[in-house]
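First residue of the sequence shown: -18, per the numbering used here; consecutive thereafter.
Wrong hints could be hidden among the right ones.
Stated by the list, open to error - In silico DSS-like pairs for lysine-lysine, Cα to Cα no more than 27 Å straight-line:
(1) K178 x K124
(2) K282 x K295
(3) K220 x K178
(4) K154 x K178
(5) K124 x K107
(6) K107 x K178
(7) K154 x K107
Said to hold, decoys possible - So the derived label-pair ranges between C-beta atoms look like this:
(8) K220 x Q332: 41 to 49 Å
(9) G285 x K154: 16 to 24 Å
(10) P151 x V101: 14 to 22 Å
(11) P395 x Q342: 38 to 46 Å
(12) K282 x K107: 32 to 40 Å
These are computed hints drawn from the structure, not numbers from a lab.
Computed from a predicted model, the values in this text were never measured in an experiment.
Where a beta carbon is used, it is the ideal one built from N, C-alpha and C, also for glycine.
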Amino acid sequence: MSRFLTPALALAATLAVASCAGTPASTAPVAQSPVVSTVATQVDRPDRVILISIDGFRPDYLGQGATPVLDGLVAGGAFGPMRPSFPSVTFPNHYTLVTGLHPDHHGVVSNRFTDAELGVFTMASKESGFWDQAEPIWVTAEKAGVRTGTMFWPGSEVEIHGVRPSRWAPFDKSMSGDARVDRVLSWLDLPADQRPKFETLYFDIVDTAGHHYGPDAVETRAAVASVDASIGRLIEGLKARGVYDRALLVLVSDHGMAATSPDRVVWIDDIIDPALLQIGYGGAVLTADPAPGRAAEVQQKLVGRHPHMECWNKADVPARLVYGSNPRVAQVVCLVETGWLTATRDRPVTQPGGAHGYDNQAPEMQALFIAHGPGVIPGRRLTDLDSVDVQPFLARMLGVIAPQGDGRAEDTLPITTR
-18 MSRFLTPALA LAATLAVASC AGTPASTAPV AQSPVVSTVA TQVDRPDRVI LISIDGFRPD
42 YLGQGATPVL DGLVAGGAFG PMRPSFPSVT FPNHYTLVTG LHPDHHGVVS NRFTDAELGV
102 FTMASKESGF WDQAEPIWVT AEKAGVRTGT MFWPGSEVEI HGVRPSRWAP FDKSMSGDAR
162 VDRVLSWLDL PADQRPKFET LYFDIVDTAG HHYGPDAVET RAAVASVDAS IGRLIEGLKA
222 RGVYDRALLV LVSDHGMAAT SPDRVVWIDD IIDPALLQIG YGGAVLTADP APGRAAEVQQ
282 KLVGRHPHME CWNKADVPAR LVYGSNPRVA QVVCLVETGW LTATRDRPVT QPGGAHGYDN
342 QAPEMQALFI AHGPGVIPGR RLTDLDSVDV QPFLARMLGV IAPQGDGRAE DTLPITTR
């Protein structure tokens, strides 16, 4: 059940937050519960819903002078820090936001992993089989006859369960924020029978700056200000078309960012010969399988507690992380303390910067949630929101029936008018 703070206390609490592949048995989709209705009665539904992701945006970036547009949306809408899913990295959490499932259940278990039949997944993978263990909200909407348009959302370039968004664009990192906004606005200029009712929009420059310079750097603040201006451009474009008052804006991030340093590194070479491992993913969370014939040595040397790091067999990952049952998860999962990194001597950490992937309860990993528009109670503050709760909220506001996931629509219901 969601708990609430007064607006002043909620903002104070947010600003107090501290600075930011396996050998599966099969590729069979993880079973989902039967389709159930997430449609509520007497909800003031918007004419359109725009889901906006600001990758790597921490809630405490708000209210610091760089976000006048976002601060205005917070003041007039619903807001709360949001707990990401584990691991707190980009692709798993973006898919969680639109499926309502933890990564262990939707199958995109990391930014890089191995599937026994499909091979290695990377952030460039477009094969449907990597994505079809779950149903993203744009597929749900299209199946219900609701047109959708996706602007750079992980998975949106892929045909999933035989369905694509009505409008979509292949990812182009060089495309400016304003150009992305203009593309989304252009879809609203289409004839009424072609116009999307649900759209997504994605910004990555805050995450990029956070990695390169750290969450507290002036460069990261500049990236935050740039995205804020682009969202202002979106709002002005909606107003110019006379549709702003009936548009629901849902702004999220996938995770936060923690400051890192070359002085805070767990050197894998000091624990085990990296040649004994098939490393799937590294950094804040290390996933690895034993090299052929090396399982006993990996168990003896790697699994267990180490200074600033703990490693588990996948079956023993703490239950609260909801991770380890999917066959795509590597055999060993290692998690370092927030602000530390794993590395090998041949790929050393040499500069300070930022990282994510840490324990999803860490203050630095908390994500952003803002909802503003029809059906949302102005001034509502949430204090116990999880990323799996976003998809049922979207389904409710779109008036569509979605598969049951891990999220609870009740957690976002208190922000809606009746």
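For this session: State the violated hints by number, sorted upward, taking the hints as numbered earlier in the document.
Result: Structure breaks hints 9 and 11.
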